[in-house]
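Those protein sequence lines, which keep their order, are chains A and B. Everything in the first sequence is counted per my numbering, starting at 1 for the first residue and increasing by one. Everything in the second sequence is counted per my numbering, starting at 1 for the first residue and increasing by one.
There may be inaccurate statements among the hints.
[Unchecked claim] The calculated lysine-lysine pairs, modelled on DSBU-like cross-linking and capped at a C-alpha distance of 30 angstroms, are: (1) A:K533 x A:K521; (2) A:K534 x A:K326; (3) A:K348 x A:K237; (4) A:K326 x B:K62; (5) B:K62 x A:K348; (6) A:K348 x B:K66; (7) A:K538 x A:K521; (8) A:K534 x A:K521; (9) A:K517 x A:K533.
Derived by calculation from the structure, the hints in this document are not laboratory data.
In case you want the letters, here they are:
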Amino acid sequence: MNAQLDTPGDISSKIHPRAGQALTGADVVVQVLADEGLDVLFGYSGGAILPVYDAIFRHNLENLRADGSEPLPLIVPANEQGACFMAAGYARASGKVGAALVTSGPGATNAVTPVRDCTADSIPLVVISGQVPTASIGTDAFQEAPISTIMGACAKHVFLVTDASALEATLRTAFYIARSGRPGPVVVDIPKDVQNTVVTFEGAGELPVPGYRARLRAIEQTPLSDARCAEFFAALKASSRPLIYAGGGIITDGARDALRDFAHSFGLPVTTTLMGIGGYDTTDPLALHMLGMHGTAYANYAVDDCDFIFALGARFDDRVVGVPDKFAPLARTIAQIDIDPAEIGKVKQADWFHTGTLRTSLERLRAWGIAHGFQANYSAWHEHIGQLKSRHRLDYDRQSALIQPYAVIEAINRITRGHAIISTGVGQHQMWSAQYFDFCEPRRWLTSGSMGTMGFGLPAAIGAQFARPDLVVIDVDGDASIRMNLGELETVTTYNLPVKVVVLNNVGDGMVRQWQKLFFKGRFSASDKSLHKKDFVKAAEADGFGWAQRLDDPAAIESTIAQFLAFEGPAFLEVMIDPDAGVYPMVGPGACYAQMVTGDFIASRDEVPAAPLPTVASPTGMF
Amino acid sequence: MRHLISILLQNEAGALARVAGLFAARGYNIESLTVAATGDEEASRLSLVVYGDDAVVEQIVKQSRKLVDVISIEELTTRQHVERELVVVRFAASGLAWANSHARVLSSGSDQCVAEFSGHADDVDEFLTQLAIRATVHDVARSGLAALAS
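Next comes chain A alone, as it looks inside the complex (with noise of 0.2 angstroms):
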C-alpha cells in the first residue's frame, strides 16, 4: 500500500537468477536482503550472526559495482541501537525499509529500544539478529537471550527461523510485514546452525499469514461509498469552523498531495501532529503547525474553536489531546480515517469514519465533493485564523544577552528554507526544533516522537544522510540527549558523512527542569550538569569532525551557523543557550488546551480576548 515504495524485491514475474542454486542460510539472507533493494546495512557483529557477515564480505567482493563501490555497505556503529537507529532514520528519510543485522544476547537486546520505537511510530524496519544454535537454546548458552519472547511484545512480528527451508520465505514474508498496512518493525531471529544449513534457494514465495493478508486486503479495498461520501460533506456542510488534524499517517501513506489538494480544493486549515510535520507545508497559508502539548498556541486555540475536526492518521495521542473529554469542545463532529481499525474511536468516538488508506480515500472524498459541487465559504473562519496566527504567533526573549535557542534555529532555517532533513533528541531542543523550523516536504523531520527515546538524533541523521545524500542532514541535539549515543560522532567521522550536529547546550536535562520548576517547586533533581567535565567540542575534535566549535557570543549567530553550514564535511557546533529558556507554549498535563500556558513572550487568550467566533454556516452550492 505505500505508494512511495518502489519493489526491487517483486521478482515473482520472472524467474531468480540463483533460483535452484544450493546455498547456506547465510547466503540466503544476503541474497533477500539484495533482492529487496536495499543499498545499505546497519550492524554489528558478533558470534552468533558470523556467517551472515561473511556471507555479506563475500556478496560484496563478487558483486562490486564499476566504481569500485560496495552494493550492500555494511555499516557500524558504536553499539546496536545506534544501527538500528540508523537503519530505523534511513526508513524515515527514505520510505523504504530500513534493515539492520545484530548479534545475539546483547547485540539484540540493544536492539530492543529502537525497535519499540519503530513500532510506537511505525516505521518500518527489518532487524536480523543471530541467535545460539538450535540445540543450545534455553540452555543459558554464551550471549543467549529469548528474543523471540522479548521482541514479541515489542515488535510487529518477530520469526525465531528453527527450519532453514522456511528461512527465505519468512525473511521476504518479514519485510512484507514490515512495510504493508501501518508499517513497523520486524525482527528475524536465526540460530547459528541454520544461517550455515545449505538449501535449495527458491528465488521466490512468502509464508501464507493468511489472517494478516485478509485483513489488509478488506482495509486496503473497501472504497468510499457514495452514501459515505455524501455523509462526510452533509457534515461539513453544517459545518463552520472545520479543521484538518494530520498525523504520521500522511507521511507513511504518501499522502502530502492528495492533503494538500483536499484542504486547498474546500478551504480547511490544517494542524500536524508531531508526526506529522512534513504531511503539510508549514509554509503554505492554511498550515497551523504543530497541537498538542507544546503545539503553537494559535494551532490549539484553533482546536479548541473548531466545529468539525477531521482526523487523519493521526491516534489522538495523550500528548496533543491531554484530557480526552475537554478536547476539541465545541466539536460536533468528529471524522477520523485511519489505515488501523484499533485506531478508530480509541480515545474520542468518531461521528464518521472510514478505515482505509489516507491517499485513496482523500483522493475519492476530493473527488466525489467535486463531482457533487461541494463549495463552502469558510472565509470568515479564515481571517479568524489568519487573526489567531497574528495575535498569537510562536515569540520569544529577542533582547536577552544569552543565546536563545529560537534564535539559533530561525538562523538554520534561513539557510536550509524548510528543505534539509532535521533529525532530533527528545526534550527541549526537540520541541523548539518542531515548532521553530519550516518543513516543506514529507521526510525531512525525523524524531521520536512517541516513545521519546534520548539518543535517537545522531543515529538517524546517519541512516538519513545514506538515504538522502544529496540533502543536508542535521542532528539537532540536546547536550543530554546526545550523550546517550555519543558514541556514534565517530561513525560520522568514519564514513565521512556531512552530517552537521548542533547541540544546543543548556548544562542539564532541559525538559526535565522545565517540568521541575513547574511541578517540583524546583529542585532539580539529577537533571543539573553543571558539575558535568565533558568538552563537547574537544569529544568531536577527537572524533575527527575537521569543523568543531562552541558559539557562545549571541552577535557570532549568523556568521557562525552560516561556516557550520556551509563546510563539505562532518561539522559540530556546540552552542551555549540561556539555560532557563522554556518550551512554549505549554498545555501541562491533565490539563485542556484553555488552561495553555504561554509563557512571557506568547500572547495568551488571557491577555488577547478571543475575537467571537464565525458561526453562520457558509453558504454553499450544494444540496
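Mind docking chain B on chain A? Use the hints.
Below, chain B without anything else, positioned relative to chain A:
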C-alpha cells in the same frame, strides 16, 4: 464484566504468548484459557475468559486482531454462543454413590475416586460445591472454556 473471547490462531511459536501478553501488559489476569489444534493443523482455537472494563477489553481485542498470527478473533459474550467446561476431580470414596449418579466416574478405589463432569461453568461450580458437601475433594483440574458461536 466477564468477556469470553474466541481466537483462531496460527500454530506458530510465540503466538499464544503474544496474545496473552496484550492482557498481561494491562495487568489483566486471564481467568481461563483453552487452546487446542483445530481440524486445520495450521490453526489453533483459543477460548479465553477475562474480567475487565468493557472499553479496555474491546481495545485489547482490536489490538489482538492486529497480531500477524491471529487469523480471526471475536467476542462471544455479546453473541449467541455455547460454552462448556470439563472438570476432573479426585475425592474421597464416600462421595462415590452421589458421583455415580451425577458425573462420570473414571476410577474408584477404596480411599479415593476420580470423576469427570462437563457443562456450563456455573454447572461445574455447582457440581463441585455439591460434591464437597458429600466428600472431601482432594484435587481439581478444570479445563477452561471451550466455546463457539451458536
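Taking the hints in turn, this is what the structure says about them:
1. A:K533 x A:K521: 27 angstroms, holds
2. A:K534 x A:K326: 45 angstroms, violated
3. A:K348 x A:K237: 22 angstroms, holds
4. A:K326 x B:K62: 25 angstroms, holds
5. B:K62 x A:K348: 15 angstroms, holds
6. A:K348 x B:K66: 20 angstroms, holds
7. A:K538 x A:K521: 36 angstroms, violated
8. A:K534 x A:K521: With a Cα-Cα distance of about 28 angstroms, the restraint between A:K534 and A:K521 holds, given a limit of 30 angstroms.
9. A:K517 x A:K533: Holds, at about 24 angstroms.
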